[in-house]
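Chemist: Listed below, chain by chain, are the residues.
Number of protein chains: 2
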Amino acid sequence: MVRSLCRMSLLLLLAASTLHAQAKMRSLAERLGHPAGTKLLILHGDDLGVAHSVDAASFDALEKGAISSASVMMPTPWITEVAAWAKAHPDADIGLHLTLTAEWDTYRWGSVASKGRVPSLLDSAGIFPNEVEPVAKRAKAAEVERELRAQVERALALGIKPTHLDSHMGTLFATPEMMAVYLRVARSYGLPVLALRGDPKAPPHASLRANEVALDTVIIAGPEIPRDQWKKFYLDAIANLKPGLTEIIVHLGHDDAELQAVMVDHPDYGAAWRQRDYDVVTSEEFKQALKDNGVVLVGWRDLQKAMRQP
Amino acid sequence: MVRSLCRMSLLLLLAASTLHAQAKMRSLAERLGHPAGTKLLILHGDDLGVAHSVDAASFDALEKGAISSASVMMPTPWITEVAAWAKAHPDADIGLHLTLTAEWDTYRWGSVASKGRVPSLLDSAGIFPNEVEPVAKRAKAAEVERELRAQVERALALGIKPTHLDSHMGTLFATPEMMAVYLRVARSYGLPVLALRGDPKAPPHASLRANEVALDTVIIAGPEIPRDQWKKFYLDAIANLKPGLTEIIVHLGHDDAELQAVMVDHPDYGAAWRQRDYDVVTSEEFKQALKDNGVVLVGWRDLQKAMRQP
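Heads up: the protein sequence lines correspond to chains A and B, in order.
Take 903 as the starting number for the first sequence in the working numbering and just add one per residue.
Take 903 as the starting number for the second sequence in the working numbering and just add one per residue.
So that you can see chain A by itself, here it is in the shape it has in the complex (with noise of 0.2 Å):
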């Protein structure tokens, strides 16, 4: 997830606030050993790759367990740090985050693919789109797949073995067709996505199968929140967790040199706002709070064992 949600449709921020618990994940944190009511929460890092700052300020969080789980994008220049950093933990819980959109001004980048297989893809310098609509408009789903695959096999090429998918900037959840490739690319790797089971907005696309996770809340900050706020918005959320599954979406980085580049002239998670993050997950106070409300840190690990042993 990046800035650029607040420009597109906020499918992902409606869908998933609008998701409930399903009767399957009343049974989730038991089949994780935990009594039926546990709210289970995973603090997920996201955009791994895309910049040292934000790899440091993420690897960090994890090694600290101030998060549990992350994601990485495939396409991005620094994978092969966040690959030799996997390998160093191989218990640490690390996805991808599957990408077809580049949406920084001075930074871009393309498919893993081969750009000409992947044409519908890609703009004439080879670069991926800075939105959700183009994508959604002109890719092509076999192409789609191909380049899905591509990351993946990457991924796997560099060592990286990844727990789960999920999808930058909710690109794959824009229509049917792709959601349908995102699900069947999972499927045949066996991994569990993120995904947005019970949603009325959402378009009729493939449902989950009964073994299949599924969250019932997401929760990913906005740019409609105070900045002396910051920490409370996340107090509040950890105040507020209900029983079950939730994931809270965090953008962690150091607001340094490199990172303000990356982001130059986008106050929408950009480098401020990642460090901002980064302060409050990483703070004694927000630690506290998840002590004192009963919260229970999983990662997509677990879910992947869950969706393997029903």
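Worth flagging that the hints you see were computed from the coordinates, not collected in a lab.
One or more hints might be untrue.
[Stated by the list, open to error] Computed list of chain B residues with no C-beta within reach of chain A, every gap over 10 Å: (1) E932; (2) P1078; (3) W1132; (4) K1134; (5) K1189; (6) G1196.
[What the hints assert, rightly or not] Which chain A residues face chain B? A few, computed with CB under 7 Å, are given here: (7) T982; (8) A1059; (9) A1159.
[Claimed, not checked] According to the in silico footprint, chain A covers these stretches of chain B (three or more CB under 8 Å from chain A): (10) 1019–1028; (11) 1052–1061.
Note that CB positions come from ideal geometry on N, CA and C, so glycine has one too.
Place chain B on chain A using the hints.
Modeler: Chain B only, in chain A's frame:
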């Protein structure tokens, strides 16, 4: 040029230092409107595009007139930043640092051409080799040409109007076949190249044409220079400049978190090295030394004009 110079054959370095003034060269100063014996100097920043840190330091040095030229690596992550800057600075002397290698450990890149069209240049993950030797051994000339043309075309598509071509890590000087491709591509775009005319150690490659300019001397800092002798190395170089055309290649950057991560574990041509280069070329002492020694800074655009109007 980067750290790998010290690991590779040192071909360029040795070659360049043994170059002697050509009869042709004695008239270049005159063609540029200076007396025949003028010390012409291209102060050239390599490796734009690799990192924001490199771009920021190089843009700053170019804007201050501390360097007179630079070149950008089109397969790297930050080319759009370079393109935006180049558009805002149409008089800046920006060439293309043609690239067939990716030498850093945790930060890699591959071809601009579609992967499937240049398989002899890439490993199975679509990444360039980290040294010159595997390129010299495996690269097919037709694929080298395809990739070099793709790099030039990408630059043009992004609005960069290159003033010259040179070769990252001297890769294109490694075999007569690659040298021939390099010259062919340069000629087809009417661009001057960093060329090694008169080098007795070089293989018997295609020779330059009468209207093409070549350097008398290329100077580049090497790992043998003690850190505390950095400024002295450059001041001595300026004091000893000969009449004719010299290029001093510098590697500018800031010794910050991003560049330290790009160049992790490689002090040669690493982040601190690039900070030292930046500190020297932007110093008052260095500027004064240029003045005291009657050095005239020129760029490749001047040479381009000289080529067109012999």
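Chemist: Which of the stated hints cannot be reconciled with the structure, identified by number in ascending sequence?
Modeler: none
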